[in-house]
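4 protein chains.
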Amino acid sequence: MSKPRLNLGIIGYGFMGRTHSNAYRKVANFFDVPYEPVLKAVCARTRARAEAFQQTWGYESVETDWRRLLERKDIDVIDIASPNDTHAEIAIAAAQAGKAILCEKPLGRNAAESKTIVAAAEKAGVPNMVWYNYRRVPAVTLAKELIAEGRLGRIFHYRAKFLQDWTISKDLPQGGEALWRLDVNVAGSGVTGDLLAHCIDTAQWLNGSIDSVSATTETFIKERQHNLTGKVEKVGIDDASAFLARFANGSLGTFEATRYARGHKALYTLEINGEKASIIWELPDLHRLQYFDHRDEGKLRGWRSIHITDADHPYMKHWWVPGLQIGYEHTFVHQAADFLTGLASGNVPPPSFRDALATDFVTDAVLASARNLAWEKVPGA
Amino acid sequence: MSKPRLNLGIIGYGFMGRTHSNAYRKVANFFDVPYEPVLKAVCARTRARAEAFQQTWGYESVETDWRRLLERKDIDVIDIASPNDTHAEIAIAAAQAGKAILCEKPLGRNAAESKTIVAAAEKAGVPNMVWYNYRRVPAVTLAKELIAEGRLGRIFHYRAKFLQDWTISKDLPQGGEALWRLDVNVAGSGVTGDLLAHCIDTAQWLNGSIDSVSATTETFIKERQHNLTGKVEKVGIDDASAFLARFANGSLGTFEATRYARGHKALYTLEINGEKASIIWELPDLHRLQYFDHRDEGKLRGWRSIHITDADHPYMKHWWVPGLQIGYEHTFVHQAADFLTGLASGNVPPPSFRDALATDFVTDAVLASARNLAWEKVPGA
Amino acid sequence: MSKPRLNLGIIGYGFMGRTHSNAYRKVANFFDVPYEPVLKAVCARTRARAEAFQQTWGYESVETDWRRLLERKDIDVIDIASPNDTHAEIAIAAAQAGKAILCEKPLGRNAAESKTIVAAAEKAGVPNMVWYNYRRVPAVTLAKELIAEGRLGRIFHYRAKFLQDWTISKDLPQGGEALWRLDVNVAGSGVTGDLLAHCIDTAQWLNGSIDSVSATTETFIKERQHNLTGKVEKVGIDDASAFLARFANGSLGTFEATRYARGHKALYTLEINGEKASIIWELPDLHRLQYFDHRDEGKLRGWRSIHITDADHPYMKHWWVPGLQIGYEHTFVHQAADFLTGLASGNVPPPSFRDALATDFVTDAVLASARNLAWEKVPGA
Amino acid sequence: MSKPRLNLGIIGYGFMGRTHSNAYRKVANFFDVPYEPVLKAVCARTRARAEAFQQTWGYESVETDWRRLLERKDIDVIDIASPNDTHAEIAIAAAQAGKAILCEKPLGRNAAESKTIVAAAEKAGVPNMVWYNYRRVPAVTLAKELIAEGRLGRIFHYRAKFLQDWTISKDLPQGGEALWRLDVNVAGSGVTGDLLAHCIDTAQWLNGSIDSVSATTETFIKERQHNLTGKVEKVGIDDASAFLARFANGSLGTFEATRYARGHKALYTLEINGEKASIIWELPDLHRLQYFDHRDEGKLRGWRSIHITDADHPYMKHWWVPGLQIGYEHTFVHQAADFLTGLASGNVPPPSFRDALATDFVTDAVLASARNLAWEKVPGA
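Chains as they are written, first to last, in the working numbering: chain A, 678 to 1058; chain B, 678 to 1058; chain C, 678 to 1058; chain D, 678 to 1058.
Watch out, some of these pointers could steer you wrong.
Same chains, same label: a pair holds when it works inside one copy or across any pair of copies.
What the hints assert, rightly or not - Here are the simulated DSSO-like pairs of lysine-lysine, each with C-alpha atoms no more than 30 Å apart in a straight line:
#, residue 1, residue 2
1, K976, K847
2, K976, K821
3, K953, K847
4, K800, K942
5, K821, K899
6, K911, K792
7, K750, K792
8, K994, K976
It is worth saying that the hints were derived from the structure and are not from the lab.
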């Protein structure tokens, strides 16, 4: 008895194109998903690149114009893995074409753009989801369960940071294919939309909405050569961004992201302090959760380093045996599994486009606060 | 321009059947291998199980008799992922059938069995390799590079252990499909052939041959119900095994494996102390290498915790971006990539069957030493 | 050849009275100081307590009125280890009496109070020092050296937090002898003056002055029974305090302190990210410094965990042998050693009263910013 | 009401002379001991050294002949902190003189010597104790409590090692004052009596007696210049020593000590695996205990990192406040406190001379096993 086929068309062939493609190719080997995902088409402006990607990942066909891809009747799902400045136009057209849509984060370059995407998707009633993949790190999912079970009690503090160091050199240019994240026109913002967006998505998922923020940003290297023009141009993105937050539940938040933290390649870390228990998680060892429970016997209280590889840990019964860790790419497989299951049941799980918009409201407020040197209320929150 | 196809037939559908199948399915997405690996056939005694595995992993066909599989002309490579007691018979027949062979470790249940396998494979001249996968953890491969470059200087100490805790309960039965590792007739030995074999393979690869050993073993739970007979029977395997070693290079070794180390699911850890530098690696965080270099400036000397995720780390340029870890399963992908590349060039890389026999000489000596309460010389070493 | 005696009079017998007394008693056993410190007198309002303290620590005499202590000709140095609300009056009188003065931190309850103390001390020209003891953790002192040597290069980020969890219970009263830190009238503020003050002192010492701040504070438990009145009263202190900072050198700072971080007894941690190198230090393992140097060979770059116990580490040649750690109390011994040496040479080392005032300017700005929901410029900075 | 004075005479002024003197000077500041310890006399062959030590530590007098010290009526306790080859003669004479005796470890250079000491002390009926200080690391004492409470259940494994790296250089001479530990005539053995003795003392205290051992030792640098003769001489000590052990309780032990483990200054670490729980402790962070309890809820099981600084941890209520660590020297203060308390009650706590002899039986067996390449039964065990 074979499963129904679900035809996927992906736009983009970069880092995220790879993580998504890998997820589609692996998911059915490990999860009993209701569809057989079919890598139907990859779309990229340059045919040669599209074909190279096709060959590596086994896509059945290539397109060089995303409008053509949307017109195809044999495509069920559109996966947008192209740079941020393309999200809105493609997503709105895909919604109008009645496709289910998966979109890389951030949804739009700012909340205004994201609003138009949400409106189009909700008007069309198409299933939609955003690749905030860190929700599906098993340790983070377990954190969500522990909070939902009330184990932490009243929350006092939420702390997150995402530290990198890859743009410190003055000689690094901006823009173009490999470095569009440094081009404000393409990316929308710097670390705020790139790294902080992850922190905010997880934070609001785990700890509820952020009410207001006070932020500061900095661009340490003010000018860089632009790959598209060849000229030295002003850098428009934020290299670093930090903010204080007040959550609706009364807890305090501190957030920081930077690409200037020497020694950290990708240190996304979060900590939650509750009345009864606390949690720490860090991306560089994503298969561990640290947990402190005040209810433990006094003299034996300590932070527990939990190796999240057991069958009773989220998602883990699908992988290997206790003690054997998974890695970064698995978070995308988990999301693909949840998406396929949700699609079949008519109930695609979060984060939806609307959830991603809630993150954009915060990133917008962060940038506004940094500009205005003032606390900003998060709209809609 | 498509690649030549390489047809794989796998025997076994358990834990190792999965790790190998995953490797074949992923390898060409990440490595530019000279063949397209084709999942041609899976073989298992029970048709239903074979078919379930076929469906999950996309094998083209099933067999229920491995002799039939060996007869097929459309099979290039035989992968033996079945329990230890089947390795010799299958491997010898596969060699005689002229197939390239990949075999799970340990090669045979003891050196005598392994010798017959080596003889058959070498007589037939078929490419052969054993799945001692930990050599291809990038951090371990890097350790090998550092030693080869002479960075550690003269080696004084080698230290390895592999600690688990999954068989502590008296109520756990032995034998049968899921628990054949506890049945001495099937497994050959307990932790010595299962866990210590990994430690020994890595040790002799990194530090040269072991000359002599003094060992002790223990079976903590003396009797367990047997799944095949339903009766309480004597346990024939070793639950724990530890030995002192003298290496040919003059260094001292300490080795230990157990399934009775509460709190450790799979703590394989190794440490090498050289005159100039030292190395530590641990499986539960396999993407890290600890390195101490005495040549560092005095007041700033310390163990470096190296996050092995950069493009200049072994195998890592094929995966994601710096800071994003891989996991256990990737070691098999690396071995599959190296196997395919070696096969095309006529030079399959180690560990060969003969390399695996060298490990069996040591495990045999360990078991003999424990029986005889005496130091044992490792034959051939 | 005996050393000149230096007669010390201490006011206060609590936690800090103990750390200081221990420092005076040990310093000459480990450091070749130019004076023999003599525990001449301890002063406390309650004679019984003063006498108990005298007996434990071997003070020669007791006083119950600090004015009497100041009048004594046989006292060279006054050490103020009493609650914050007593610092100003005593310190000013001690200055007028021509005594050298050591004062617990914070200097005053706010900058206004501290200014009067600084003015009096500088007018009198008496040697003065404040017990910001964390400067003399050897790992922190080493961090200072590394920065001074230019090893970190341009600084981008400074990050500090001081997390505790001891006041979470609603049933904890405020005020009185043991809990004066919860009484705003005595303490001046909550965690801002208590914990953040340490972070700020170290930060400005290592990274230069803080220009402006944006802060938020919270009092999670709004009312507590007061030990002095027996009534439930409003809590006036801040339970948590966090701020963003801009340093004069262009780097960004994030600071946080709280007594509501379940699982942390005293987690003071600081991190500095420079263009070339970064540093992390954490109080719960104060004998370690983490150091990352980008100039290390690429594939072997990692955070070094430096065990600060070698003779070429600051202060450490005076203690034991490499590998054997010291603890919290030793920071006070180091300060006592430096004070005695400086006193003899006429050049008492920092932190002076004026240095401590610089911290108070920041804590005042933090509290003002939290009240006003606005960025505050740090006066004088 | 002053306490009775207890007059101490110490022999030796080296590293251990300092740790003991510090303990005597501090103990009454932190513990309510029944005696006031008086530093009555220090004895050393060279008057200048004795006087320097006297001045630093405040001893009332000096002696240059230990026989004179023993004759003094004003000395209650003799503390032997001189090199190993002096222990027997002094201890026996001190016993005959009716003094209470504290002796550095190891008791004698071998069990034969130690037997004569034990016999003399027991015949004289004098209080006696050996400075196996690691028993009184609070984390280790807590481990003892947990085992005594049955929390670990049946013990399967005991694992200890003590790794150093300070003698790797070929240019290091042997013998003389600073390097007597490398002179076999003075020290008795190398790392076996120096480092392994600590491991064995703790092991037999925590896990009962060792029945038999199989060992190997190595001297990596065969010849070194001798400081006393100026000539290059054969090195008689063991540089490294490792052994397998069978405990009387049926558990397996692995032990190792070396001075050739690059990167480790003093890595004494022990691990105990029980049916229900496990424990790890490491000297470089001696204020932490790692504890794993299988009875914890499955998905939240993990190694707890317990910061041993709370009032309900052994000895810790006497020191500072939770979160503030103590260091190496405090273990001696704890032993001094226990000794003084035990002396007053007529019941000096372990480890006695006889307990230390039990360690020497094991170290002798280790050295014999290494010589004979055979398992050795531990006499008396």
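Here is what the structure says about each hint:
1. K976 / K847: between (51 Å within a copy, 22 Å between copies)
2. K976 / K821: The answer is both: 28 Å in one copy and 13 Å across copies each meet 30 Å.
3. K953 / K847: between (46 Å within a copy, 13 Å between copies)
4. K800 / K942: neither (40 Å within a copy, 50 Å between copies)
5. K821 / K899: Between copies only: 29 Å across, 40 Å inside.
6. K911 / K792: Intra 29 Å, inter 44 Å, cutoff 30 Å: intra-copy only.
7. K750 / K792: Within one copy only: 27 Å inside, 60 Å across.
8. K994 / K976: Close across copies (12 Å), not inside one copy (34 Å); limit 30 Å.
Taken one by one, the earlier hints fail for this structure only at number 4.
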